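2 protein chains.
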Amino acid sequence: MIITPAIRAKYSFAEQEGFALECGGELRPVTIQYAVYGELNSARDNAILVCHALSGSAEVADWWPELFNADSGLNIDRYCVLCTNILGSCYGSTGPRSVNPTTGKIYGPDFPLVTVGDIIQTQRAVLDHLGIDRLQLVIGGSIGGMQALQWAMDFPTRVANCISIAAAPLGPMGLALNHLQRQVIRLDAKWKNGDYGDDPPVAGLALARKIAMCSYKSAELFSTRFGRNPNRNGENPWAEPNARFDVSGYLDHQGEKFVQRFDTNSYLSITRTMDTFDPIRKYGIRAYERIQARVTLVGISSDWLFPASEVRSLAGELRSCGVDCNYCEIESSHGHDAFLAEPDKLASILASRMSPGNTLG
Amino acid sequence: MIITPAIRAKYSFAEQEGFALECGGELRPVTIQYAVYGELNSARDNAILVCHALSGSAEVADWWPELFNADSGLNIDRYCVLCTNILGSCYGSTGPRSVNPTTGKIYGPDFPLVTVGDIIQTQRAVLDHLGIDRLQLVIGGSIGGMQALQWAMDFPTRVANCISIAAAPLGPMGLALNHLQRQVIRLDAKWKNGDYGDDPPVAGLALARKIAMCSYKSAELFSTRFGRNPNRNGENPWAEPNARFDVSGYLDHQGEKFVQRFDTNSYLSITRTMDTFDPIRKYGIRAYERIQARVTLVGISSDWLFPASEVRSLAGELRSCGVDCNYCEIESSHGHDAFLAEPDKLASILASRMSPGNTLG
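If you read the protein sequences in the order shown, they are chains A and Y. Here the first sequence stands for residues 1 to 361, where the numbers follow the working numbering. Here the second sequence stands for residues 1 to 361, where the numbers follow the working numbering.
Isolated chain A (complex conformation):
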């Protein structure tokens, strides 16, 4: 079943006054692409905000369709599900490909640094526009999980429930991998300091994506799926200099697909947004005391980028700040990607939290 949004729209604001960014600079105007599934009830208290990950879009039913099953949580007969494309992305919201009104040209590499907090502010503007004061639930994975947590901290009274999956402040291994991915992009001769116009550095972006893919998956999954098999098209690594193993053929294919759908400067922008998510830096050591929502943190057993141990330990920090926080772990060999690759396991966590007996709000 294909689920289409009831509303698919853009909302623009800060046209006159500008939208001040947390790390300095401003955007004027800001446009946010959003999608709404289901209907807001008359009390306007049945809204769920879904926050997407690095390369997602507002059309959440396209990339998380399994969660829309009636008994999987995002039941649109009951809830109004909203998703916005994040600031800095390339799927309709203001980002590096938007025109900078000051210069009349696209921002490109001059697009300013955006934090997760800035993203939350743009989502709040959309919610205000739609007349939604309070969210029954904010949910997301990876940088979407960062957004869910940031919501619970930045607008404590507006969030009843928060489910943050495979997310925590990025550790140094993740910071390192983001840094190296950005360097790979800048190594591409087509990068041209970000002013690549219509001829983007696709080789560099593809390679960055492939490095990221290794951190999104797990050695166990690769072993099961590819082993040490030569590439399935018949290449022979023992005979030809550039012959590949199967896992490399798979990654190359993933890289090629990605560059057809994503902007390089957006990729750089969003990886920096991930890097800078840091509640303690923003609010101090008792940051999590701000949270009033009931929080569920979900770790993934084979996640290398956001190890389950770190998510579990974050749950402990929240509890020690008095937050009503539980921790669930998805047992999966899919690595970080399990929140997308094994939606059924996530759906059962979501469904149990959203069950009628487990009253929200």
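No lab work stands behind these hints: they were computed from the structure. Small disclaimer: the values here were computed from a predicted structure and weren't measured. Think of the CB as a built atom: it goes at the ideal place given N, C-alpha and C, for glycine as much as any other residue. Treat each hint with caution, since some may be false.
[To be verified] Residues on chain Y that point at chain A, a partial pick, calculated with CB under 10 Å:
| no. | residue |
| --- | --- |
| 1 | Asp110 |
| 2 | Pro112 |
| 3 | Leu113 |
| 4 | His179 |
| 5 | Arg182 |
| 6 | Asp195 |
| 7 | Gly197 |
| 8 | Asp198 |
| 9 | Asp199 |
| 10 | Gly204 |
| 11 | Leu221 |
| 12 | Gly227 |
| 13 | Leu305 |
Fit chain Y to the known structure of chain A by using the hints.
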């Protein structure tokens, strides 16, 4: 104490007949740089062969000095310790920077594919030259550990003891990372299809090394050492577009150091040698039945490139083939690099195996 080799020499062979390579092609001549510490006894039965890892050299006392303590195993009052620079490297042995006699120019990117078996054959030639028939011990880590295992399979009667550390046939995650590193090098405009002459693709090679470093270390180590600290020189990732976190400054420094000491085509060659190590492919499913040596396989608890679980499982395969094989695990947060970074832990394993009560041979 600085330990210098008793002999530091080159041995050349196959000058007329050529050295046939396992995957096709030949090298003529082959020159192997080697170093000898301590003296061969009159029975010529006290030799230990140390096999170096990807970027090592024949001068093992430079990179594994701690193992030369009198009670750490490589006691040169008792043993004659030999190490050769591997085929394909750039520290004195035949490799991509050697002159191809057919063309009169350096091999560069045309250097043929070398297997771990080819490396063993060149080491055997050096041993024959030195009049060493049987090794008391062959030991190495990473691709050095592959060599140690290959020795025990290719020349079963010539090896009394084999210690292979943090090694197994490379799994698909390792194959993927090697593939991506080679692609990063080829993305550098200075790559020039490998004919880079005196202007090597240092940015690409540095990036490849940095990606590798992430797989050599562990998230736990990075967390302890760098956390989420901004780069120690005062950069501010919340303020400047290219400002780094501390872990990134560290990796950039490691990359810069590496390109000053290593040849790019050698890097490509040796990563392919690693990829192609595959005893089952060479000898079939009962490959390990060939082994007569007493084998110790050493896993490292935090190794991501060669997970301890895989090394442990390899030990099981050897035992099921009737090999006298034990498995030890180094408990360390240093990741794959622990065999170099925590030599004391390795020394105790080595010393117990080499203790007088634990008679060799």
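Note to self: Given Arg182(Y) as an interface hint, is its Cβ closer than 10 Å to any Cβ of chain A?
What the structure shows: 8 Å, holds
Note to self: Given a cut of 10 Å on the nearest C-beta pair, is the interface hint for Leu113(Y) held or broken against chain A?
What the structure shows: Hint on Leu113(Y): holds, closest Cβ of chain A at ~7 Å, below 10 Å.
Margin query: Hint validation: Gly227(Y) versus chain A, beta carbon distance must be below 10 Å. Holds or violated?
Written below: 6 Å, holds
Margin query: Quick check on the hint: Leu305(Y) CB to chain A CB, less than 10 Å?
Written below: 9 Å, holds
Note to self: Tell me if the interface restraint on Pro112(Y) is satisfied: Cβ within less than 10 Å of some Cβ in chain A.
What the structure shows: Since the shortest Cβ distance to chain A is 9 Å, the answer is holds.
Next item on the list: Report holds or violated for the interface hint on Gly204(Y), using the least CB-CB distance to chain A and a cut-off of 10 Å.
Entry: Holds, about 6 Å.
Note to self: Holds or violated: the hint that Asp110(Y) contacts chain A, with Cβ atoms closer than 10 Å.
What the structure shows: 9 Å, holds
Checklist line | Per-residue hint verdict: Asp198(Y), partner chain A, C-beta under 10 Å | finding: Violated, because the Cβ-Cβ distance from Asp198(Y) to chain A comes to roughly 20 Å (cut-off 10 Å).
Checklist line | Hinted contact Asp195(Y) with chain A - closest CB pair below 10 Å | finding: Since the shortest Cβ distance to chain A is 14 Å, the answer is violated.
Next item on the list: Could you check if Leu221(Y) really has its C-beta closer than 10 Å to a C-beta on chain A?
Entry: 9 Å, holds
Notebook entry, point to check: Given Asp199(Y) was flagged as interface, is its beta-carbon under 10 Å from a beta-carbon of chain A?
Noted result: Not OK, violated: Asp199(Y) not within 10 Å of chain A, min 15 Å.
Check: Should the interface hint for Gly197(Y) be scored as holding, given a Cβ-Cβ cut-off of 10 Å against chain A?
Finding: 19 Å, violated
Violation of the numbered hints given earlier is confined to hints 6, 7, 8 and 9; the remaining hints are satisfied by the structure.
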